[in-house]
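Trainee: Sequence:
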Amino acid sequence: MLRAFLAGLILFAAGAASALAGVLTHDELVKRFPSPYIVGQKDAALPVWPVFKQNATSNELVGYVFESIDLAPIPGFSGVPMNLLVALDHQGNFLDVQVLSHHEPVFLDGLGEAPLFKFVSQYRGLSLMRNISIDTGTQRQQDRRDSANAHIDGVTKATASVRILNQSILSAALKVARSKLGFSGKGDPDRVARIRSDMFEPLDIDGMLKSGLLKHMLLKNADVEQRFAGTPASGIDPQAVSSPAETFIDLQVAWLSVPSIGRSLLGPSQWNKLKGRLEEGDHAFLVISHGRYSVVPDDFVPGAVSERLALTQGGLPLEMRDLNLDLSLPDGIAARGDSVKVFRVISQAGLDPALPLEFSLNITRLKGMIYPERIRKDFKLTYQLPERFFIPAAPDSTSWVGIWKQRWWELAVIVAGITVLFIALARQQALTANARRFKWFRRAYLLFTVFFIGWYAQGQLSIVNITSVVQALKEGRGLGFLLFDPPTVILWTAVAVSLFIWGRGTFCGWLCPFGALQEGIAKLGAWLRIPALRFRPRTDARLRQIKYLVFAGIIASALFSPAITDKAVEIEPFKTAITLGFQRSWPFVLYALALLLANMVVYKMFCRYLCPLGAGLALFGRVRLWRWLPRRAECGSPCQTCRHRCQYQAIEQDGSIRYEDCFQCMECVVIYRSDEQCAPLIMEAKRRRTIPIRVADRKEA
39 MLRAFLAGLI LFAAGAASAL AGVLTHDELV KRFPSPYIVG QKDAALPVWP VFKQNATSNE
99 LVGYVFESID LAPIPGFSGV PMNLLVALDH QGNFLDVQVL SHHEPVFLDG LGEAPLFKFV
159 SQYRGLSLMR NISIDTGTQR QQDRRDSANA HIDGVTKATA SVRILNQSIL SAALKVARSK
219 LGFSGKGDPD RVARIRSDMF EPLDIDGMLK SGLLKHMLLK NADVEQRFAG TPASGIDPQA
279 VSSPAETFID LQVAWLSVPS IGRSLLGPSQ WNKLKGRLEE GDHAFLVISH GRYSVVPDDF
339 VPGAVSERLA LTQGGLPLEM RDLNLDLSLP DGIAARGDSV KVFRVISQAG LDPALPLEFS
399 LNITRLKGMI YPERIRKDFK LTYQLPERFF IPAAPDSTSW VGIWKQRWWE LAVIVAGITV
459 LFIALARQQA LTANARRFKW FRRAYLLFTV FFIGWYAQGQ LSIVNITSVV QALKEGRGLG
519 FLLFDPPTVI LWTAVAVSLF IWGRGTFCGW LCPFGALQEG IAKLGAWLRI PALRFRPRTD
579 ARLRQIKYLV FAGIIASALF SPAITDKAVE IEPFKTAITL GFQRSWPFVL YALALLLANM
639 VVYKMFCRYL CPLGAGLALF GRVRLWRWLP RRAECGSPCQ TCRHRCQYQA IEQDGSIRYE
699 DCFQCMECVV IYRSDEQCAP LIMEAKRRRT IPIRVADRKE A
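FYI, in the numbering used here the residues of the sequence shown are 39 to 739.
A portion of the hints provided could be inaccurate.
To be verified - Straight-line Cα separation of at most 25 Å, BS3-like style, residue types lysine-lysine; simulated pairs:
1. Lys156 / Lys195
2. Lys156 / Lys69
3. Lys418 / Lys248
4. Lys405 / Lys477
5. Lys258 / Lys156
6. Lys91 / Lys69
7. Lys195 / Lys91
8. Lys405 / Lys418
Simulated from the structure, these hints should not be mistaken for lab results.
Work the whole structure out from these sequences, hints included.
Mentor: Have a look at this one:
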């Protein structure tokens, strides 16, 4: 009945969906941004509020204010998105970032909210044009001197939460920047390669033409007429028909902001003139054309965008705007009467020098008089900058991929440790053949689990992992937030595999840091000769049901009240003992210590009777493929050795093992294979020794 109820709750979570939205009103924003600021009306297309500032008789745009949950509702570690108020100015700089709401376990009665507020305060003054990443290494001070990078201090013990928060801020801000500030729709503009500003390689015009640094496209009238063949616009250009060999357009394009190209073409004075018109990270392209067709029409307005020449990269358009700059070009590249234009692509557009560019020359013919039909043909020109002229993109430290790369060695150690454990369990006969060797293997592995997986790598699985998934599914969101905590992903993968093979005991008995810590404390209690309490089987069975009720209550709260869930999950001492290393307020530390001390008297009391995660794993562990712990016919009748020695009381009176309660300590298997501990083996050995003596006695008689 209980299992059916839990299954119903999980199905409800998967099927339910409700959308969270921002909570701020115009009036509340007015209070946050008082005079001289003026908060405009909410944008109809994008959930942002423009903010203006009174300047004499006019109001100038300061920037935009928005809530991250409206634009990037990325689930936090609890499965519920954090909601942040973000103010972005018209150049892509953060004016302010504030926390409106969150359900992050580590900041709720854990570290407290002060470290969270301090963390978000670091965004003020930073720009989306910089590579904002979280780091605590020695490289940080050096990176802060690099204008392309901005490192902010993380929060110890809250790595996953602050990285998700960082991703939420940047994702929401970039959506606004793309829509309102002209940033490229491609992605974060700082995740691109950068032109080498310190490299100069003298080049000549012939060499640039041969290497493709100065791209050339020559179109004759016949070439254009051929492209319009078969369309209504075929043959309507009399000059093209009468003079097919005449030049229609001779087009040349150069990446002028690349120092080796720009300085070689312009010379020192003209190069400095160009640099004076460009902001950091901007790109400039020299476009020269001559012939009967130009890249700009006769009525072109300086400083505008040409409708005849377009630039795309990866299928996305990049705006090229005329820089309205007069430059003196060397002989051989431009002739008198040529059209010479310099177009700028702003840094926020996200142009990536490492990827090919595609220039499209648009030629349009009109068919008809009053409402003419427009027939358009595009001629493509591809430009690829050689690798020596740019610096590859910086690693993406804001996404989960960057996090996995940064922690690769920790993850490799965890994977290696899990692999060793799985091989050992698969070869249980060799593992348990020698009782002394097994004892030291288990002790060493549990130390590895506590110190490395738990305290160092922060790989403590928790009921929070399950409630976060339930809440994310309930709100119709994805589960990508889990990838921000790599050790947890790896451990849950191992649990998913081991549940089908061995049951819940692989995690609870070997890979749970708090469980391993309990076992060590229990051994200390035995060494101190503290009397142990063992409940009667009936009492023990009733107490085991408590954890299922706790599990059901927490899952129900996750469906209906995240605020209650935040408090209910505190029944687990994992955050106090492992995640925060007992660096927490005294009631939580006292609770965790009380459980550890009680474990000296009642072996693994929390794991057996209270742990909601253990209850969930016990339920799912029923899908185990086989009973893999060996038993004999004599087990339970008459032998009760394993049953009396099992500290988890997971062996029935008939000798069978309750796998949902088994912690896989393997003590019963060690006994099973020991000629000195297993009663049936002892009796068999005794019979082998006594039979020859009886035969000899008969002969003497």
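Trainee: Between Lys156 and Lys195, is the straight-line Cα distance small enough, at 25 Å or below?
Mentor: holds (15 Å)
Trainee: Can you confirm whether the C-alpha distance between Lys405 and Lys477 stays at or below 25 Å?
Mentor: Given that 25 Å is the threshold and the Cα spacing comes to 90 Å, the pair is violated.
Trainee: For Lys258 and Lys156, compute the direct alpha-carbon distance and say whether it is at most 25 Å.
Mentor: Outside the cut-off at roughly 64 Å; violated.
Trainee: Taking only the CA atoms, is the gap from Lys91 to Lys69 under or equal to 25 Å?
Mentor: holds (15 Å)
Trainee: Quick one, are Lys418 and Lys248 close enough, alpha carbons at most 25 Å?
Mentor: Roughly 19 Å between the alpha carbons, so the hint for Lys418 and Lys248 holds.
Trainee: Taking 25 Å as the top limit, are the C-alpha atoms of Lys405 and Lys418 close enough?
Mentor: holds (23 Å)
Trainee: Holds or violated: are the alpha carbons of Lys195 and Lys91 at most 25 Å from each other?
Mentor: The given pair, whose Cα atoms are some 41 Å apart, is violated under the 25 Å limit.
Trainee: Verify the proposed pairing of Lys156 with Lys69, using a straight-line Cα cut of 25 Å.
Mentor: Given that 25 Å is the threshold and the Cα spacing comes to 22 Å, the pair holds.
Checked against the numbered hints listed earlier, the structure breaks hints 4, 5 and 7; every other hint is satisfied.
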